[in-house]
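*Asks:* Respectively, the protein sequence lines represent chains A and B.
Position one of the first sequence corresponds to residue 1 (my numbering), numbered consecutively onward.
Position one of the second sequence corresponds to residue 1 (my numbering), numbered consecutively onward.
Just so you know, these hints were derived from the structure itself, not from any lab.
There's no promise every hint is true.
Computed, partial: chain B to chain A, Cβ under 7 Å [as the list claims (entries may be wrong)]:
1) G16
2) G40
3) E48
4) F50
5) E52
6) N56
7) F60
8) L90
9) E98
10) G100
11) E101
12) L110
One side only, chain A facing chain B, incomplete, derived with CB under 8 Å [unchecked claim]:
13) P44
14) I47
15) M48
16) G59
17) F61
18) Q64
19) L65
20) K67
21) G93
22) Q98
23) L99
24) T100
25) F101
26) S103
Where is the CB? At the ideal position from N, CA and C, for every residue including glycine.
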Amino acid sequence: QKEVEQNSGPLSVPEGAIASLNCTYSDRGSQSFFWYRQYSGKSPELIMSIYSNGDKEDGRFTAQLNKASQYVSLLIRDSQPSDSATYLCAVIGGSARQLTFGSGTQLTVLP
Amino acid sequence: KAGVTQTPRYLIKTRGQQVTLSCSPISGHRSVSWYQQTPGQGLQFLFEYFSETQRNKGNFPGRFSGRQFSNSRSEMNVSTLELGDSALYLCASSFDRETGELFFGEGSRLTVL
Numbered sequence: 001q002k003e004v005e006q007n008s009g010p011l012s013v014p015e016g017a018i019a020s021l022n023c024t025y026s027d028r029g030s031q032s033f034f035w036y037r038q039y040s041g042k043s044p045e046l047i048m049s050i051y052s053n054g055d056k057e058d059g060r061f062t063a064q065l066n067k068a069s070q071y072v073s074l075l076i077r078d079s080q081p082s083d084s085a086t087y088l089c090a091v092i093g094g095s096a097r098q099l100t101f102g103s104g105t106q107l108t109v110l111p
Numbered sequence: 001k002a003g004v005t006q007t008p009r010y011l012i013k014t015r016g017q018q019v020t021l022s023c024s025p026i027s028g029h030r031s032v033s034w035y036q037q038t039p040g041q042g043l044q045f046l047f048e049y050f051s052e053t054q055r056n057k058g059n060f061p062g063r064f065s066g067r068q069f070s071n072s073r074s075e076m077n078v079s080t081l082e083l084g085d086s087a088l089y090l091c092a093s094s095f096d097r098e099t100g101e102l103f104f105g106e107g108s109r110l111t112v113l
């Protein structure tokens, strides 16, 4: 079982729709969770971090964390073509303290 | 504020050679992490350096090594290159260690022939 799992996609949504990206993790002791965005040919950039159960909103982005289900999600409201990228879920485990990335979900927002 | 700088950006080597990649972190950042990114394996953690000491190491063979200097600049070295080492090597810096808030450089793309 991979430590951090994501649906690889590709995920396509029409412009203006809500894009929902999901991630599960295996280390129940994990405490810190992150979403990175990586445009094609570019390096990853941090867009959201979440540390406690519930929702965290930042503009059009909402991160959701459910530690009991070991599940993290990212919602992108009013999706724009400029949101087309690969979204990487990342987790700091309870024992291994390095940041571990999922394989990423490729999102395409269709104009 | 300057970002993370990696050099060289592109390089081509042949099997058996060795390579050294350099990373200059954001000013004031004390932690440097290295990742290997390939289409098949995604982003794989190599190691983290903080205060010139390796703090964490991923599941890579001993051919992969690194170091950090007193000014926080870091280098990684891969010896006896194999075809499978072809990848994008990303350096990321952060103010503190064991944080997920990383700032990535543009990467060094290594091709092994």
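*Asks:* All hints, please: hold or fail.
*Replies:* A quick look at each hint next to the structure:
no. : hint : result
1   : G16  : violated (29 Å)
2   : G40  : violated (9 Å)
3   : E48  : holds (6 Å)
4   : F50  : violated (11 Å)
5   : E52  : violated (18 Å)
6   : N56  : holds (4 Å)
7   : F60  : violated (12 Å)
8   : L90  : holds (6 Å)
9   : E98  : holds (4 Å)
10  : G100 : holds (4 Å)
11  : E101 : holds (6 Å)
12  : L110 : violated (15 Å)
13  : P44  : holds (5 Å)
14  : I47  : violated (11 Å)
15  : M48  : violated (10 Å)
16  : G59  : violated (18 Å)
17  : F61  : violated (15 Å)
18  : Q64  : violated (17 Å)
19  : L65  : violated (13 Å)
20  : K67  : violated (15 Å)
21  : G93  : violated (10 Å)
22  : Q98  : holds (4 Å)
23  : L99  : holds (5 Å)
24  : T100 : holds (7 Å)
25  : F101 : holds (4 Å)
26  : S103 : holds (4 Å)
Violation of the numbered hints given earlier is confined to hints 1, 2, 4, 5, 7, 12, 14, 15, 16, 17, 18, 19, 20, 21; the remaining hints are satisfied by the structure.
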